[in-house]
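Participant: So you can see what is in the structure, the chains are spelled out below.
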Amino acid sequence: MLGPGVAWYIAVAAFLFGIGALGVLIRRNTLVVLLSLELMLNAGNLALIAFSRHFHNGAGQIFALAVMAIAASEVCVGLGLVVALNRKQLSLDVDKLSELRG
Amino acid sequence: MTAGSWLCLLAPLGGTILITLLGTRISRVAAAWIATTSVFVGFGGAVWAFAAMLSRQPESRSEITTAWTWLQSGSFKVGLELLVDPLSVVMMLIVSGVGGLIVLYSIGYMDGDDEERRYFAYISFFVFSMLLLVEGGNLLMLLVGWGLVGLSSYLLIGFWHDRPSAVQAAKKAFIMNAFGDATMALAFFILIAHTNSLSFATDFNAHLSSSAANFVALGLLGGAVAKSAQIPLQTWLPDAMEGPTPVSALIHAATMVTAGVYLIARTYPLFEQARTIELLAAGTGALTLLVAGLIALVQTDIKKVIAYSTMSQIGYMFLGAGVGAYSSGMFHLMTHAFFKALLFMTAGLIIHAVANEQDIRKLRGIGQLMPFTKWCFLAGALALVGIPPFSGFFSKDPIISSAAALGTWYGWIFWVCGVAGAFLTGLYTFRLWFLLFPGEPTPFVREHYHDHHGREGAWTMLVPVGILAVLATFAGWLQWTPRWDPFTKWLEPAAPTLAAAIPTNTQEYYTSAAAVIAGLVGIGLAWVIYSEQRIAIPAAPFWRRLFENKFYFDWLYDRIFYEPAVATANFLRRDFEDPVILQTGPDLGEATIETGGLVRRLQTGLLRTYVFFIAAGAAAVVLAFLIAR
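So the sequence lines, in the order shown, correspond to chains S and P. Mapping of the first sequence onto the numbering used here: position 92 corresponds to residue 92, and the numbering continues sequentially without gaps. Mapping of the second sequence onto the numbering used here: position 525 corresponds to residue 525, and the numbering continues sequentially without gaps.
Be a bit skeptical, because a hint or two may be false.
Residues of chain S placed beyond 10 angstroms of chain P at every Cβ, according to the derived structure [claimed, not checked]:
#1 I10
#2 H54
#3 Q61
#4 F63
#5 V75
#6 S91
If you anchor each label on the Cβ, the simulated ranges turn out as follows [claimed, not checked]:
#7 L602(P) to V6(S): 36 to 42 angstroms
#8 D587(P) to L31(S): 45 to 51 angstroms
#9 E594(P) to L31(S): 39 to 45 angstroms
Note that these hints are calculated values from the structure, not bench results. Even for Gly, the Cβ is constructed at its ideal location relative to N, Cα and C.
Hey, can you work out the whole structure from these sequences and the hints?
Facilitator: Okay, here's the thing in structure tokens:
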């Protein structure tokens, strides 16, 4: 088998996931939060593909394709929301969108 | 024969339905005449049935006619059936005949009342219910009639529903009667369990053990005692005088309250099987006739005196039926229906003529202004006391002599009670007479008396009173047991007198002598005390208080039932309803709000905290799995 072992891929995937998660938690711009979400999803994809290769099982690749489809839909909804917010001239700062506070 | 009985039953019901449906489209007088006509048509049906029965042999005079099966449950079956036999025909004639006269009388008495139509619908409904009671071919039909007369009695006592006292009296009557209905229903359950039938055609005794027979008889007696206002369930009857006077005459004197006697006569085989209970009925009657007679001595309301006298006379009937002389009890029921309805209706004439005043102390000397009323009342009073040749003499004395015929110690106690009752009857009846009729009218009477176009009342009131006065005087001649007894013979197939209760002629003669002398002594004493005033009314404060408080029965029931019930209800309201039931709802709501307040702070509205919780949760789950591996 060519290339590095599965552990490397997992490490990269974990690293990417961590960046994404931190981005969601820390950043306040809605667009960047969406971007970070994509990063997390892709980290997941990377892990799926890596395991697929490691175990010689195609199911992981199929699953990664499904995740991509979901990610695309999610981005559509997310960007739609951003456009709607902008049209209403609302702030794109997620911390300011806190009307559901109890 | 059966067609007559159906006509008799359904005509008054038709009258009720017609008046109810036509409502205000007909005049009040028209409603009154519909009711009167329907009841008289019913009387025609009764006469038809009677005539048809006369032409039959005594053995084949009993017939059950079934319209359809009413209830069926497994092999237990109850039909909508009528029993036509000598006993029910006698009751049909009394109920529809006296009922018709009283409804006619009501036309004059109720004239001008705002709700006359309702009154006439009720009263013909009562006649229907009473006929259902006496004609029912099984015990369940009898119970239906029994309940419906209770209902119509309730409606008519409370007819003047804007008087709180009338409403109270109506409720009291209903509740005390409901007690009797319940004991009767229990008796029926025992009967169904043992014999699987309620039809009068069944020989119940073949299937009943002696204890079951005792319970059944006791349950039936409970119903009879409640309906007929005997001790200890008698307190509703005097209060029931709140109703219009014709109602008192029809329901609370002539027909409904005597239903208990009919019940005993109708189910006599059961009572003879449970002889102890039957004698208990006789004892109840003997006690009631004395107690009611004593209370009647101190009443000042004209209707209450007659009401207590009714209780006392029904006591005689219970005594008669209880010792086994069913036909004597039924004969007294018939003559009593005539003379007591007469007394109530003459009282009604007086009350109607003097602007609804009922206090006898104010009405002294009314006889001078109302001579017709006076003589009719006298006929009723003499019949009540049992002075020959008035009807009470012929019907009351056989009852007392039947008690003597028993020959046992309790028979003699009953005999003494009966004769003492005759003395009391003379005393209280003629106290009423001497206080009301002779002498100069009081200023109150002069001021308030108003005649009806020169007569003492409308013709619709005077004619029934006249007819009943004739009946009260002469109806007793139908039977004088030592010499001729067609009435007893007539009832023989339906309710034969117990052999032990048939008195010898000697017993009849000396009993009659004793009872008549006791009655005359009572009358004489009333004359000396209340007319001549030679003897002052004995002070005897203890006894007077006892009688005026009606032997403290009401007081006792208030203490035993009413007040504890009210106290319990108040306690439950104060310590359970208010703090527990009513407070639970608000408490629950507040607790929810408080708990909600605690977790509310978790909802920050900040996306990042939610994400953090999700991430932390996921991390915790992963960690937990790793540790638990």
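Participant: A separate judgement is required for each hint: does it hold in the structure or not?
Facilitator: Checked hints:
{"no.": "1", "hint": "I10", "result": "holds (14 angstroms)"}
{"no.": "2", "hint": "H54", "result": "holds (20 angstroms)"}
{"no.": "3", "hint": "Q61", "result": "holds (24 angstroms)"}
{"no.": "4", "hint": "F63", "result": "holds (19 angstroms)"}
{"no.": "5", "hint": "V75", "result": "holds (17 angstroms)"}
{"no.": "6", "hint": "S91", "result": "holds (13 angstroms)"}
{"no.": "7", "hint": "L602(P) to V6(S): 36 to 42 angstroms", "result": "holds (39 angstroms)"}
{"no.": "8", "hint": "D587(P) to L31(S): 45 to 51 angstroms", "result": "holds (50 angstroms)"}
{"no.": "9", "hint": "E594(P) to L31(S): 39 to 45 angstroms", "result": "holds (41 angstroms)"}
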